[in-house]
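Novice: Sequence:
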Amino acid sequence: MSLVCVLNGPNLNRLGQRQPEIYGTESLDQIITQLHARAEALGLALDARQSNHEGHLVDWLHEAGDRGALAVILNAGALAHSSIALRDAILSISTPVIEVHLSNPAAREGFRHQSHIAPVAWGVIQGFGGLSYMLALDAAASLRQGAAR
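Count along the sequence shown starting at 1, add 1, and that's the number in the numbering used here.
One or more of the hints may lead you astray.
Computed beta-carbon distance windows for the label pairs [claimed, not checked]:
(1) Arg50 / Val121: 25 to 33 Å
(2) Gln146 / Thr26: 15 to 23 Å
(3) His82 / Gly44: 31 to 39 Å
(4) Thr34 / Met2: 26 to 34 Å
(5) Ser95 / Ser28: 13 to 21 Å
(6) Leu132 / His82: 16 to 24 Å
(7) Asp48 / Ala86: 28 to 36 Å
(8) Asp60 / Leu136: 20 to 28 Å
(9) Arg50 / Ser95: 14 to 22 Å
(10) Gly44 / Ile85: 33 to 41 Å
Simulated from the structure, these hints should not be mistaken for laboratory data. Backbone N, C-alpha and C fix where the C-beta goes; we use that ideal spot for every residue, glycine too.
I would like the entire structure built from these sequences, with the hints used as guidance.
Specialist: Have a look at this one:
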C-alpha cells in the first residue's frame, strides 16, 4: 500500500480556535479523520503529524523520503514564507511534495505572498479550507498513475 505523509506546521494544532474567519471552524483532528477515510477509499496508507518546530518538519521530510512515500502533503503554515531549511529538505528527497494552505495567501498580507516551498513543490493547493487537503490527497493518489508534474 502506498504511503502518503501529511505534515503540518506551526499553529495548525489551533485550527478551529484560531481565526476561524480565515482558517474555518474545523479542527486539525477533524480534517485528519476525513483524510484517513479518503485515504482508505483510495487504497493509501496515511501518516499525519503536526509540530510547532521547524526541525521536526525537516526530519519528517527526510523520513518520508527514506520510507519511499508516494507523496508528502505539507502545510508548513507561516514557515512556507520564511523557511529555507524546509525548502532545502524538500530538495534533498525525491518524494513529491504538495504544498497546502487553508487560506489563499495571495489574498492576504504581503509577507504571505511568497512561498519558499512552492518553487520546489510538485504542486500547490490553497484557499479551499479543509478541502485543500482532500484535493492534495487526490493529487497524491494520481501519482500512482504517473501523473505529469
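Novice: Now look at each hint and say whether the structure bears it out.
Specialist: Against the structure, the hints come out as follows:
The given range of 25 to 33 Å is broken by Arg50 and Val121, whose C-beta atoms sit roughly 20 Å from each other. For the pair Gln146 and Thr26, the supplied restraint of 15 to 23 Å is violated, since their beta-carbon distance comes to about 35 Å. Checked against the hint of 31 to 39 Å, the C-beta distance between His82 and Gly44 comes to roughly 34 Å, which is consistent with it. Taking the beta carbon of each, Thr34 and Met2 are about 19 Å apart, not inside 26 to 34 Å as hinted.
The hinted window of 13 to 21 Å between Ser95 and Ser28 is violated, with their beta carbons roughly 33 Å apart. The hinted window of 16 to 24 Å between Leu132 and His82 holds, with their beta carbons roughly 22 Å apart. Distance hint for Asp48 and Ala86: a CB-CB separation of about 21 Å, inconsistent with the stated range 28 to 36 Å. The hinted window of 20 to 28 Å between Asp60 and Leu136 holds, with their beta carbons roughly 26 Å apart.
Between Arg50 and Ser95, the C-beta spacing of about 20 Å keeps the proposed range 14 to 22 Å intact. Under the hint 33 to 41 Å, the C-beta atoms of Gly44 and Ile85, about 36 Å apart, fit the expected range.
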